[in-house]
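Could you build the full structure based on these sequences and the hints that come with them?
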Amino acid sequence: MPYQQRLVTMAGYTVLLITALIFSFLVQQSWPFIQEHISLEFFTGDRWLPVSLPPVFQIRGFLVSSVMITALAIVVGVPFGVLAAVSLAELLPHGIRVVFRSIFEVAAGIPSVVFGFLGIKLVAPAVANFFNLPTGLTGFSAGIVLSVMILPTLVSLSEEALRNVPREYSEASYALGASRWQTIWRVVVPTAQSGIAASILLAVGRAIGETMTVLMVAGGRLATPSSIFEPMRPITALIASEVPNAARFSIQFHALFTAGLMLFLITLAVNAVAASVIVGKKGR
Amino acid sequence: MRNNYSLKEIACLVALGIAVLPPLSAGLYIFIMALPGLSLEFITAMPLRRGIEGGILPAIVGTIWLMFGTSLAALPIGVGAGIYLAEFAPNNRLTRLLEMALINLAGVPSVVFGLFGYAVFVLMLGFGPSILSAALTLAALTLPLVVTATRQALYGVPTSFREASLSLGANRWQTVSTIVLPCARTGIVTGTLLAMARAAGETAPILITGAAFALPRLPSSFMSRFMALPYHLYISATQIPAMPPERMWATAAVLLFLVLTMQVGATIWREQERRNKNW
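Top line first, the protein sequences correspond to chains W and G.
In the working numbering, each residue carries its 1-based index in the first sequence increased by 17.
In the working numbering, each residue carries its 1-based index in the second sequence increased by 10.
The hints are simulated quantities; they were obtained by calculation from the structure and are not laboratory data.
You may find that some hints are simply not true.
[Stated by the list, open to error] Covered stretches of chain G (chain W as the covering partner; in silico rule of three or more C-beta atoms under 8 Å from a C-beta of chain W):
hint	segment
1	22 to 30
2	127 to 140
3	173 to 183
4	263 to 269
Here the structure is a predicted model, which means the values were calculated and not measured.
The beta carbon of each residue, even a glycine, is placed where N, CA and C say it ideally should be.
Encoded structure:
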């Protein structure tokens with residue numbers, strides 16, 4: 018085996034190594050906290066007092082915020098995303114389709130900090146006005162911005178799933194006298210449903226992990242929110258806002274890594290389920 | 011295709027229209043709002059008074075350093091891994107594990123990469139808050155993009171090319187390096203460009219690993235602290251109440267211009283190459 022081939026093999030395994038390293042460093046830096054301080058209250062309590070004596074670390078409020086914002090983003094984004102994918106895959110001629118697809122491709126490249134900035138400048142004031150709230154920097158505004166940000170993921174993967182439906186299926190449907198819409202809605206979409214489900218799961222993973230938008234737009238209040246129209250702080254925003262100021266290797270530092278480890282495991286699970294849905298479909 | 015649409019089909023098309031509206035109008039709106047704040051001074055001068063006056067040159071230069079550093083680290087490993095997966099990886103358990111690792115790495119939230127980079131590069135390896143720490147963190151983040159782009163580009167080269175080369179007596183590495191890689195070159199380069207555009211726009215990882223606000227000097231080495239466009243926009247918009255809005259819009263516009271130019275450029279280049287292919 019020439020040495021170049023050994024080099025690329027090593028590069029391949031470096032990818033595996035880096036993934037393993039990320040996990041092991043998260044565990045290593047969480048360990049002091051997990052060992053001494055973790056209890057059920059970590060997940061079920063509402064108080065986060067990192068520098069009081071003794072410090073209290075309870076993350077329910079951040080988890081609730083993450084779930085609320087992600088749920089809103091999915092509820093708003095998925096109908097638009099899937100219907101847009103249907104339009105692209107089934108209804109539009111090739112030329113127009115290419116234009117729209119490249120718009121989504123470019124939209125996927127807009128940095129999240131730019132979305133966060135637009136959320137502050139445009140979405141939050143509009144939300145405050147419309148719902149008559151004291152501040153527009155709420156979970157609702159963050160969820161709306163996120164619903165736009167997950168569209169490219171939803172549209173491109175759902176479209177791919179729809180286009181992978183064998184032509185014979187729709188031809189058979191047309192031959193039986195079904196209209197185009199009946200064919201799309203009763204034959205093509207149901208056949209593609211596992212691919213569409215995978216696209217939704219990947220969008221969920223993206224929304225849970227999104228940091229800058231929620232850090233800038235969600236309002237950042239520490240208390241557990243009772244409604245989505247309140248300022249709140251999801252788990253990603255907690256990490257990004259406190260790690261730069263936490264004393265190195267303090268118990269707060271380790272608690273934040275524990276939150277990061279949780280986030281890692283949650284997104285891992287979501288992505289693994291999405292991947293297995295795709296693989297299961299291919300194996301059929 | 012029939013072109014008289016039923017009511018439900020029109021509803022679908024309307025959904026598509028609504029879906030493309032926010033990113034399109036956001037882009038236009040940013041560039042319009044940025045006009046009063048954009049000037050030659052803004053992109054060529056040092057920041058003064060915590061960025062309220064002067065320009066953002068160090069942020070532009072810092073972002074370019076970051077992209078350069080990121081590509082130095084991500085390119086050899088990412089392209090190498092892509093070549094391995096597309097051309098040499100045996101069909102066994104270890105390869106499937108590697109592919110799973112790749113998928114999962116692509117799904118790790120950017121702030122978690124930041125935690126990793128902070129623990130490993132800033133603290134453990136002692137690089138401190140610096141371009142080096144941030145670039146290595148971004149390299150880990152962009153690695154799956156480079157690997158996937160390389161692998162897709164190599165998959166696009168017809169098997170018959172490899173067979174012809176092998177039948178003439180070339181070994182596998184000679185085949186890959188002299189026949190397959192040159193054919194896949196554009197795909198690899200454009201994929202890397204897209205990955206670097208992504209690196210340029212990331213904020214959460216560099217926020218933890220060394221970005222600084224309103225540093226009135228250019229980075230002097232990879233060990234310097236640095237300004238970067240996305241971090242500058244984030245701090246301006248959230249922590250500097252006195253920051254004139256047109257300066258924030260202008261920062262957003264410069265960042266967007268940089269990222270979109272790379273992206274659109276890479277996409278057009280790729281499409282052109284695809285059209286020119288005679289295989």
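A quick look at each hint next to the structure:
Only residues whose C-beta sits within less than 8 Å of a C-beta in chain W count toward coverage, and the segment 22 to 30 of chain G has 7 of them, enough to reach three; the restraint holds. With a cut-off of 8 Å between beta carbons, the segment 127 to 140 of chain G has 4 residues touching chain W; three or more are needed, and the interface restraint holds. Restraint check on the segment 173 to 183 of chain G versus chain W: 3 residues with Cβ-Cβ distances below 8 Å, three needed, restraint holds. Counting residues of the segment 263 to 269 of chain G whose beta-carbon sits less than 8 Å from any beta-carbon of chain W gives 3, enough to reach three: the coverage restraint holds.
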